[in-house]
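A.B. asks: These protein sequences, in sequence, are chains A and B.
Residues in the first sequence are numbered consecutively from 1, following the working numbering.
Residues in the second sequence are numbered consecutively from 86, following the working numbering.
Heads up, some of the hints might be wrong.
[Said to hold, decoys possible] Result set (SDA-like, lysine to any residue): computed pairs, CA atoms no more than 25 Å apart in a straight line: (1) 63(A) to 275(B); (2) 174(B) to 70(A); (3) 16(A) to 235(B); (4) 54(A) to 210(B).
Think of the hints as simulated: they come from the structure by calculation, not from any bench.
Keep in mind that this is a model prediction, so the values were computed, not measured.
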Amino acid sequence: MKYVKIYRLQNGGEQKAIVECKLIDNEVSIDGDASFVESLKHEGIIDYSAETGKKLFPADGLKFMEQLQNNFKSGYLNASAVLEE
Amino acid sequence: MLGTPSMEPLKPTICDSSSGKKIKPDQEFLSEKAAVKEQLSAEEMEKILETREVIKEMALDGGANKSVCIRLKDDGDAIFKPKSGEKIKLRSGIEAGSYFQRERAAYLVSKYMGFDFVPPTVIREVGNEIGSSQEFIADAQLYTERVKQISFALDFDYDVADEYLYSQMEGQFIKLWVYDIVIFNSDRHGNNFLIKDNKIVPIDHGLSMGDSGLKTYYSCYDEPIPADVQDLLEKFSESTERQSQLKQELLEILPEELVAKCFARIDKVTRIIMDKGCIPAEEEEKIDPFDISEPSGFDELFDLDSSDRGSIY
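Just chain A, same shape as in the assembly:
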């Protein structure tokens, strides 16, 4: 199963995994910190593979998962690459 972990940097320099996105039957299931889950669903993320910078949402499946690490790279919030379990 493909999955992505999203990490929040804590005071003191440690990271905490706050969200896990899993690809199940071509749909993205998101578990974890409620605030972040809500923002992903409502705000979506930017598709950096498209010149238009269009938005992607969990319904976009693997494409959404692949773009997470390009969106969350500030250090405060980082997303992993798509990993395989």
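Let chain A serve as the given structure and place chain B on it in line with the hints.
C.D. replies: Okay, now just chain B, sitting in the frame of chain A:
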């Protein structure tokens, strides 16, 4: 960034008095350090970021580009983003390997124009790698975390809580919007600005200073520009010293073409806002992509005349 050489360093570890065991020190240590932060000027904070010994490096998982949390001796933490970790080109016209310079450039614009909300950001070497180093803001919330907090506290849907926060912080959102136009940010979203003490703290500017695909959080066309934002634009337009300092420091890290474009945006945004008190919606198509056909009031700074515009832009 906190602490000065003259200040007595805070103890980096503390003990539980009942058990004598060491307990986790970082949060208290950083919070106490944060309390003295405001005593320092931007230049003092930059100096600390540039020169303090790195006593701990914590490589961070995730992110398209490498990031490391570094701890500075007798000081707080910083987010270090090495040039060598910039592997992926995310925007046309913005090459990987230049993100760290854009992080610094965005800070310089904030500093010299008087926005004063981007954490101090410098370029330095850590472990023989060059990159950007930005003060870590302890005890800050990501904006999305604040939205959810409001959503929970007031029993609002997420979108309603977002709009509620806009209404409560409208002036700051408009200030952020103007700033994002000036730096031509192609990457603003709810997870790359922080809220600390009810103030917006923008971060993550590696994809700024481009020339297409402007991405702001809110669009504020036709909204009256707050007096403090008008004031900072006017003061910058009148200060040849600050213009010169900004130009000089930007030219140390960016090609002249990008610096000239940035000044052209500053000029255009300032002129429109001073004239109309807002940026009218009909200007949107001249802002993204930025219309470089009009002469800028700053062209003299770059020895440009009308015949040069085509080549340098």
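A.B. asks: Is the hinted pair residue 63(A) and residue 275(B) satisfied, with a Cα-Cα distance of at most 25 Å?
C.D. replies: Holds: residue 63(A) and residue 275(B) sit about 20 Å apart, inside 25 Å.
A.B. asks: Check whether the Cα positions of residue 16(A) and residue 235(B) lie no farther apart than 25 Å.
C.D. replies: holds (22 Å)
A.B. asks: Run the distance test for residue 54(A) versus residue 210(B): straight-line Cα separation, threshold 25 Å.
C.D. replies: Violated, because 36 Å separates the two Cα atoms, which is more than 25 Å.
A.B. asks: Decide if the proposed pair is consistent with the structure: residue 174(B) and residue 70(A), CA atoms, cutoff 25 Å inclusive.
C.D. replies: holds (10 Å)
The structure fails hint 4 only (numbered hints given earlier).
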